[in-house]
Amino acid sequence: MTARNILLRGLIAGFVAGIFAFLVAHQVGEPHVEKAIALEEAGAADEAAPAEHSHEEGGSGHSHSDGEEAHEHEEAAGGHSHGGGETEVSRDNQRTWGLLTGTLVVGTALGGIIALVSAAAIGRIGRLRPATSTALVTAIGFVSFALMPWFKYPAAPPAVGSGDTIGERTVDYFVFLAISVLAAVAATLLARRMHTQVSAYASVVIGAGAYLLIVVLAAIVMPTVNELGDFPADTLWYFRLSSLFTLATMWGVIGVILTGLVGRLDTAETAVAQRRELAASL
Amino acid sequence: MSQVSASAPDVEVPSIPLAQIAPWAVFFGLIAMLALFFVSTDQGATSLISGTAIHEWVHDGRHLLGYPCH
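These protein sequence lines are chains A and B, in that order.
For the first sequence, the working numbering assigns the number 1 to the initial residue and increments by one for each residue that follows.
For the second sequence, the working numbering assigns the number 1001 to the initial residue and increments by one for each residue that follows.
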C-alpha cells in the first residue's frame, strides 16, 4: 500500500461521487434554485428597474471582450442577477454543465484529500484494518467539513444574502470550517493517545466530546447571519435540505467507493504477504 | 470498532511512512485547495481572475454545495 495507490483510488471515488452529487443536486436542488431566482428577479424588477436596465446595456456589449468592466458594472448595480441578458452563462448551462463542473471538481479534490488523509491514518488508528480506517476518516471528514459548517452557516439560495456582506460571510464560513476541521484532527489524535491508557470506548467518547465542545463553543461565539428578509420559509428549508442531500451524497459515495477499493487492495496485499510467509517457512 | 478482522488475526497493520506521503500531500493539497477555491470563492468575496465567467459557470454548484454566495 502506497500513497500513490490510495490517492489514485481517491480520485476515482471522488470523480464518481461528483457525478452522483450532480444527479442529486440537479434533481432535488435545482427546482428550489429556480424558485429562488424567480423570486429574486420579481424583487429586482420591482425595486430597481432603471438601474437594471442600464446595467444590461453595459454588460451585454462588453461581457466577453472586457470582463473587468462587466464586473464593475455588476458591483455598481448592487449585486448581480441570474438568467437575464447581462449574464454570460445561460441558466440552462448553469444548472447542467456548470453544476456538473462544480460537483466534479469538488468531488475529485475531496476524494484526493480524503485518500491522502486515509493513507496517513492506515495502521495508525489502533488495529483498525485499512478499509475501516478509511471509512472512519471519511465519516469524521463529513461531520467536520460538511455537516457542522452546514449547521452553523447553511447554504443560502439565490436572492438570499447581500452582495455587501459576501466578504464577511465568506471569512466567517471558512474560519468556522477551519476550526471544525482542526478540532476534528486534534480530537482524533487525542482519542488515539487516550487509547493507550483507557478503553477504546472511553477514548472515542473523550475524543468526540472534545470535538463537540470546541465546535459548539465556536458556533455560539461566531456571528450569526440573518439576511432572509421576507424570503419564503418553505423554499429556504427545501433548498437547504437539498444542499445537505448533495453534500451527503458526495461524501457518502466517496466513502463507499474508496473504502471498497482500499479493502480490495488490502485483501490482495495480505494474500501476497501470506503466500510469501508460507514460502519462506517451507 | 476494535475487533480484529477474521482474515488477519492479531496482525499489526503496516502504516505508510509519513515521509512517503508528504510530497503527495503537499503537491496534491495545493492543487486541491486551488480547485476548491475556484469553485467556492473566486470572483465572489475575492478574485484571483477578474471577470465573472467562473462565478457564473459554477454558480449553481456554489449555492448547492453550501458555499457563501452573494
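Calculated from the structure, these hints are not laboratory results.
All residues carry an ideal CB built from backbone N, CA and C; glycine is no exception.
Incorrect hints may have been included.
Stated by the list, open to error - Okay, the calculated beta carbon distance ranges per label pair:
1. B:Met1033 / A:Asp46: 39 to 47 Å
2. B:Leu1018 / A:Pro31: 26 to 34 Å
3. A:Glu277 / B:Phe1037: 22 to 30 Å
4. B:Leu1034 / A:Leu228: 50 to 58 Å
Unchecked claim - Where chain B lies over chain A, by a calculated footprint (3+ residues, C-beta under 8 Å):
5. 157-168
6. 181-188
| request: Please test the hint of 50 to 58 Å on the beta carbon pair from Leu1034 (chain B) and Leu228 (chain A). | output: 33 Å, violated
| query | Should the hint that Glu277 (chain A) and Phe1037 (chain B) are 22 to 30 Å apart at their CB atoms be regarded as holding? | reply | Check failed, 47 Å falls outside 22 to 30 Å.
| Whether chain B covers the stretch 181-188 of chain A (at least 3 residues having a Cβ closer than 8 Å to its Cβ atoms) | violated (count 0)
| field | Distance restraint evaluation - Leu1018 (chain B), Pro31 (chain A), Cβ atoms, bounds 26 to 34 Å | value | 46 Å, violated
| CB-CB spacing for Asp46 (chain A) and Met1033 (chain B) relative to the 39 to 47 Å hint | Check passed, 41 Å falls within 39 to 47 Å.
| Whether chain B covers the stretch 157-168 of chain A (at least 3 residues having a Cβ closer than 8 Å to its Cβ atoms) | It holds, with 7 qualifying residues against the three required.
The structure shown violates the earlier hints numbered 2, 3, 4 and 6.
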